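Undergrad: Sequence:
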Amino acid sequence: MQSSQPTVADLLALKGKRQLTKLRVESLDEAAAANAAGIDMLSVPPEVLSLEGFRAVCPTPFVVGGLEPGAYITEEDYLRVAFRLLKLGANAVYCGASLKIIRRLRDEGIPVVGHVGLIPSRRTWTGGFKAVGKTGDSAIMVWQQTKALEEAGAFAAEIEVVPPAVAEAISKRTSLLMISMGAGAGCDAQYLFATDVLGEHDGHYPRHSKVYRDFHSQYQRLQQERIAAFREYAADVSSGAYPAASHLVRMDAAEQDRFLAEMEKMPLV
24 MQSSQPTVAD LLALKGKRQL TKLRVESLDE AAAANAAGID MLSVPPEVLS
74 LEGFRAVCPT PFVVGGLEPG AYITEEDYLR VAFRLLKLGA NAVYCGASLK
124 IIRRLRDEGI PVVGHVGLIP SRRTWTGGFK AVGKTGDSAI MVWQQTKALE
174 EAGAFAAEIE VVPPAVAEAI SKRTSLLMIS MGAGAGCDAQ YLFATDVLGE
224 HDGHYPRHSK VYRDFHSQYQ RLQQERIAAF REYAADVSSG AYPAASHLVR
274 MDAAEQDRFL AEMEKMPLV
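In terms of the working numbering, the sequence shown opens at residue 24 and continues consecutively.
What the hints contain is simulated information worked out from the structure, not anything from laboratory work.
Computed from a predicted model, the values in this text were never measured in an experiment.
Hints may contain errors.
Cβ-Cβ distance ranges computed for the label pairs, FRET-style [to be verified]:
hint, residue 1, residue 2, range
1, Pro143, Leu51, 51 to 59 Å
2, Trp148, Val260, 16 to 24 Å
3, Leu37, Arg244, 22 to 30 Å
4, Arg244, Glu99, 43 to 51 Å
5, Glu99, Trp148, 20 to 28 Å
6, Glu174, Ile250, 33 to 41 Å
7, Asp225, Trp148, 26 to 34 Å
8, Pro143, Ala264, 34 to 42 Å
9, Arg236, Pro143, 34 to 42 Å
10, Lys153, Gln243, 43 to 51 Å
Lysine-lysine pairs mimicking PhoX-like chemistry, simulated, CA-CA at most 20 Å apart [unchecked claim]:
hint, residue 1, residue 2
11, Lys195, Lys170
12, Lys195, Lys40
13, Lys195, Lys157
14, Lys123, Lys170
15, Lys153, Lys233
Just so you know, even glycine gets a beta-carbon here, dropped at the ideal spot from N, CA and C.
Please model the complete structure; the sequences and the hints are all you need to start from.
TA: Have a look at this one:
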């Protein structure tokens, strides 16, 4: 780990002092851009962390490697992949699995980011992709989830689609670094997906997302340019315009004549 990368202790020391920024990135280009923009934390899937040169283009942010629920089963599965992600350059891992598994990761010294509120992999228990914590009872449940993660040894938790008053009250009463996904500015960090920030699709965007660019239109324009270029290439082949003399190599005239004279002796097929 490079000395310029923040540690868990560094992040926790900033709790309540300033809002941190976090992005989910899914390519080297996005990671490099986040690094250049000074984003504090990144969520990175294993396949991107595994790309050669990841830390070369993204040397500074605190990186959380994703252990997606369902992709791994046993404690050993989670441990094996967590250690691999740390070796690849992650500073911590996201784990939405059971408290037992989080404790095991903690016991091995692996920093863990948990999840409370709307947990997508467990959304059937809270009514689907809906806000959590809008009633007193459900808000207490989010608080209990947070305390359980704290006691299991996580150092941070994503808190997703929870009313701001609930999230702020919880953030002030837990040692965890609370990372807001649509839970207001009373937490310790704000978290968005790069694909939403860049406006990369024309489908549904979460309420808490904010679109800063329109990459989708740019992608559509580039795709039309691709199609036009491929059509022009096919037309050039059909008409004989490609390949032109500038695309070809030449033989010495005498060598060419000698070769062709030899070939004349060979039968045509």
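Undergrad: None of the hints should be skipped; say for each whether it holds.
TA: To see whether the hints hold, each was checked on the structure:
With their beta carbons about 25 Å apart, Pro143 and Leu51 fall outside the hinted range of 51 to 59 Å. Distance hint for Trp148 and Val260: a CB-CB separation of about 59 Å, inconsistent with the stated range 16 to 24 Å. For Leu37 and Arg244, the hinted distance range of 22 to 30 Å is not satisfied, since their beta carbons lie about 41 Å from each other. Between Arg244 and Glu99 the beta carbon distance is about 48 Å. The supplied range of 43 to 51 Å therefore holds.
Range check, Glu99 to Trp148: Cβ separation about 26 Å, and the 20 to 28 Å hint holds. Roughly 57 Å separates the CB atoms of Glu174 and Ile250, a value that falls outside the hinted 33 to 41 Å. Between Asp225 and Trp148 the Cβ separation comes to about 31 Å, which falls inside the hinted range of 26 to 34 Å. Remark: the range hint 34 to 42 Å for Pro143 to Ala264 is contradicted by a beta-carbon distance near 53 Å.
With their beta carbons about 25 Å apart, Arg236 and Pro143 fall outside the hinted range of 34 to 42 Å. Range check, Lys153 to Gln243: Cβ separation about 32 Å, and the 43 to 51 Å hint is violated. Among the hinted pairs, Lys195 with Lys170 is consistent with the structure: their alpha-carbon atoms are about 12 Å apart, no more than 20 Å. For the hint pairing Lys195 with Lys40, the CA-to-CA distance comes to about 12 Å; that is within 20 Å, so the pair holds.
Simply put, Lys195 and Lys157 have alpha-carbon atoms about 19 Å apart, close enough for the 20 Å limit, and the pair holds. A distance of roughly 14 Å separates the Cα atoms of Lys123 and Lys170; the hinted pair therefore holds under the 20 Å criterion. Under the criterion of a C-alpha separation no larger than 20 Å, the hint pairing Lys153 with Lys233 is consistent with the structure, at around 18 Å.
Checked against the numbered hints above, the structure breaks hints 1, 2, 3, 6, 8, 9 and 10 and satisfies the rest.
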